[in-house]
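Participant: The residues making up each chain are set out below.
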Amino acid sequence: MSRLFFVLPRLGRGVFTIWFAVTVTFLLLRLLPGDPALAVASPNMTEEARAALLTQYGLDQPLIVQYGLYMWQMLQGNFGVSFTQSVPVMDVLLQRLPWTLLLTFTALVITVLVGIPLGVLAASRRGKVLDKIIQVIGVTGQSIFVPSIGVLLLFVFGLSLKWLPIGGAYDTDAYGMDWYGSVARHLILPAVSLMLIQLGSYVLTMRSTLIEALGEDYVTLAKANGLPYRRILWKHALRNALLPTTTLIGLQLGFLVGGAVLTETVFAYPGIGRGIYEAVTQLDFPVLQGAFLLLAITVVVANMLTDIVYGFLDPRVKTS
Amino acid sequence: MHNHSTRRGTMRTGIRRGRALTLVTAAAAITFVLSACAPSAPEASSGPVEAGNDTLTIATTTDVVNYNPLIGNSRSDYWVTNLMYPHLLSIADDGKKEPQLATEWGYVDELTGYYEIRDDMTWSDGEPVTAEDVAWTMNAVKKDAPSGTFYGQLANFVSAEAVSDTRVEITLASPDTSIVEEIGFWGNVVPQHVFEKAESVATFANNGSDGGWVSAGPYLLTDVQVGQSYSMDRVDEYPLVEGGTPVAAKVVYRVFPDVNTEILALQSGEVDVIANALPPAQVEQLKATDGITVEEVVGLGYAHMTYNMTNPDLAKTEVRQALAHAVDYDAIRTVVLQGQAVSTGSSPLMPVLSDYYDKSIKEYDFDVDKSRELMESAGYTADASGNFPVSFRLIYSLQDSVTSQWAQLVKDSAAEAGITIELQGTERNTYLAQTNDGDYDIYAGNFAIMDDPVTNFTLSYLPGGAINYTLVDDPELNALIAKAAVTADSDEKISIMRDAAKIVHDEVYDNIMYTQNLYFAHSSKWEGFVTKPSELLSIVNPISVASAHKTAAQ
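Sequence order for the protein chains is A and B. Take the first sequence: its letter number 282 is residue 328 in our numbering, and every next letter is one higher. Take the second sequence: its letter number 459 is residue 501 in our numbering, and every next letter is one higher.
Note that these hints are calculated values from the structure, not bench results. Certain hints may be false.
The list that follows gives simulated cross-link-like pairs (lysine to aspartate or glutamate, DMTMM-like), each with its CA atoms no further than 25 Å apart [what the hints assert, rightly or not]:
1. B:544 - B:533
2. B:139 - B:300
3. B:544 - B:483
4. A:208 - B:300
5. B:329 - B:300
6. B:185 - A:353
7. B:567 - A:262
8. B:592 - A:94
9. B:404 - B:372
10. B:185 - A:137
11. A:208 - B:483
12. B:184 - B:96
13. A:281 - A:353
14. B:184 - A:106
15. B:239 - A:219
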């Protein structure tokens with residue numbers, strides 16, 4: 047029962063967040079300068095033909111009518127038809143979403159797997175050379191521009207060493223189980239790029255929270271009881287220090303999806319980020335609305351899961 | 043204690059074994075599911091061996107948005123659909139139209155045009171390509187008004203009729219001596235038996251969901267991996283290419299949104315051709331790269347500035363002339379375009395249109411003293427700093443990196459002449475909206491293809507013209523354009539257009555900066571490309587792609 051009380055409010059908050067994101071997206075798109083007819087019509091099209099296109103897109107209706115219609119259709123699972131491609135929005139998005147999810151979750155996992163141990167290592171060697179090196183890596187990673195690191199990685203590992211492919215999500219001539227190998231090889235460089243720009247946050251957060259935890263009384267008591275330092279570090283201090291890092295995972299997921307737009311562009315990765323970019327240039331409102339809805343759902347669900355994990359890591363959260 | 047410990051150990055081992063078994067079972071299940079999800083290898087093709095079994099991989103920066111050539115506007119849409127849906131006419135290096143599906147074209151009388159088409163073309167499903175397909179396509183576009191370029195050419199078109207299997211006649215609303223060539227050049231022909239099932243050609247996705255595509259070009263789209271690749275198989279009979287069969291067995295368009303990645307892919311051998319024109323800064327480097335060949339193609343468009351004549355200052359001819367003389371055109375072509383652009387003599391009749399080009403029209407000199415004199419003769423007095431009391435807002439698209447660079451040079455050189463230019467670079471959609479609303483003093487941009495002077499002048503300089511960004515209404519110019527539009531004699535037409543171009547030049551109704559030569563890169567392992575003017579046709583036009591083959595050394 048207590049678990050239900052823990053989950054239900056979060057579920058309600060998630061639904062509200064999604065509605066808010068959908069509404070803001072709907073309004074923002076219509077505040078953009080220009081209109082979809084201008085973006086897609088050839089320059090020699092007449093005003094009458096452009097007006098006819100707007101009617102075809104349903105954009106000649108008052109804003110409130112458009113909004114009501116959109117919400118009603120969305121509740122029925124109808125996300126509309128792409129202005130430019132004349133196919134259902136979900137068809138457009140679902141072809142791309144799996145690749146973005148694969149890329150962002152792979153990047154998230156390897157960032158956590160690399161970032162937390164590095165943070166622990168830095169905290170345990172506080173003030174020493176290794177700590178300083180790790181801090182420099184962390185800070186540098188945060189200030190790297192994705193396309194720069196992307197092109198550099200492609201140049202070194204794709205062109206010079208020829209170890210990894212340049213661009214795409216898989217080889218077009220790979221089939222069966224080879225296809226999975228191809229997917230994995232194509233995933234390495236974009237995932238490493240995303241990891242490099244996210245790593246600093248995890249390393250530095252982990253380091254500072256662990257240093258704080260290592261100064262707590264229970265750590266002094268454990269030391270006085272003769273527990274080995276490694277056990278104190280990894281078993282006791284780390285668990286408490288993990289809480290802010292867990293929160294960071296949820297918060298960073300949104301940024302990770304945002305960062306994927308640039309990564310997908312540089313690595314020619316067929317994800318939803320690129321689809322959004324293309325839809326923005328063409329002012330394809332239905333695709334943009336659908337894409338932001340899917341991303342909002344992804345981030346909200348990830349944050350809810352983070353909250354739930356947080357509750358398991360710190361039982362006080364569930365009871366408070 | 044010992045026993046307890048052993049029992050716990052046994053239990054842990056049991057749990058580990060159980061977990062291991064579960065993991066192995068799960069892994070096997072995942073492998074099975076993944077195997078089922080992975081794409082299967084296609085069956086071996088039985089294409090003709092003499093035509094070669096190679097795959098030509100072409101890089102592009104954008105996805106195909108629309109497979110319906112009557113709607114599609116983007117370059118990738120054009121390149122891919124162009125390999126399936128033929129045009130009636132193509133264009134030669136001198137800007138003259140040349141046969142493709144049509145073998146002859148012209149006018150029966152003032153209000154009737156005609157095309158004679160080949161009788162040896164078939165759709166890939168075995169149906170013949172007939173005059174019915176041609177007439178149906180034109181009538182459907184006129185009726186449904188799709189957003190592509192084709193519809194824009196049909197202002198004077200009333201209807202088309204197939205008068206025999208190989209002859210189409212079109213009826214015009216008013217005399218128009220450009221329309222037959224313009225429709226033939228811009229319009230694709232689509233299969234009536236496929237497209238007529240759609241409610242409207244303006245909304246028909248043609249995305250292959252109803253049993254795939256049908257092609258009368260050299261290749262047929264067979265596989266789409268959105269965001270990644272578009273694979274096309276050879277159509278064995280394509281009479282427009284030498285030998286009657288395309289050489290490469292497959293063509294794969296791969297999407298690389300970032301040009302730098304695209305170039306790395308060419309250098310590494312992952313792709314054989316880059317379809318889009320190279321950025322000027324990359325041309326020399328790639329020319330010097332082993333294993334890469336760079337082809338030069340003449341441009342059919344131009345970069346220009348127009349001056350909004352609803353602004354009282356810019357309504358004065360002297361002010362427009364002063365602005366035109368305050369631009370260092372040579373510096374722009376040398377520094378920004380790296381010497382890869384040529385002057386048109388500040389005329390909208392570009393050198394590539396060799397019949398129309400008028401050498402007597404000279405480019406505006408870069409002469410700030412002359413510019414100042416013109417401003418003074420227009421009634422302006424410079425202040426103590428030498429600045430005239432005028433300021434103009436110049437708009438351009440930030441997505442256009444070349445224009446973004448030369449806009450700064452234009453501002454700097456105008457400042458030397460005491461004229462203040464305020465730059466306003468915006469993202470493309472804002473720029474389009476500003477352009478549409480006439481919300482600018484100076485418009486900077488470019489057109490990719492201006493293949494027909496009369497059509498170009500009609501759109502650019504007649505009142506209400508879709509791209510009349512100067513908002514000019516000059517009765518003398520209007521009369522010349524109207525006369526040219528109904529003049530059938532080509533020499534007379536050229537003479538009229540030269541007179542019109544001289545007015546545009548002298549009155550600075552348009553300031554044409556340059557026409558850009560285009561450069562395209564491909565692997566030196568491939569040869570046989572047949573270049574055509576413009577980025578749309580370049581080395582990826584249907585004849586070129588169908589003719590390309592690996593070098594003998596490969």
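Participant: Run every hint past the structure and note whether it holds.
Facilitator: Each hint tested on the structure:
1. B:544 - B:533: With Cα atoms ~17 Å apart, residue 544 of chain B and residue 533 of chain B stay inside 25 Å; holds.
2. B:139 - B:300: 34 Å, violated
3. B:544 - B:483: 23 Å, holds
4. A:208 - B:300: Distance ~19 Å between residue 208 of chain A and residue 300 of chain B Cα, so the pair holds.
5. B:329 - B:300: Distance ~20 Å between residue 329 of chain B and residue 300 of chain B Cα, so the pair holds.
6. B:185 - A:353: 57 Å, violated
7. B:567 - A:262: Given that 25 Å is the threshold and the Cα spacing comes to 68 Å, the pair is violated.
8. B:592 - A:94: Given pair residue 592 of chain B, residue 94 of chain A is violated - Cα atoms ~49 Å apart, limit 25 Å.
9. B:404 - B:372: 13 Å, holds
10. B:185 - A:137: Cα-Cα ~28 Å, so violated.
11. A:208 - B:483: With a Cα-Cα distance of about 51 Å, the restraint between residue 208 of chain A and residue 483 of chain B is violated, given a limit of 25 Å.
12. B:184 - B:96: 41 Å, violated
13. A:281 - A:353: 22 Å, holds
14. B:184 - A:106: 23 Å, holds
15. B:239 - A:219: 34 Å, violated
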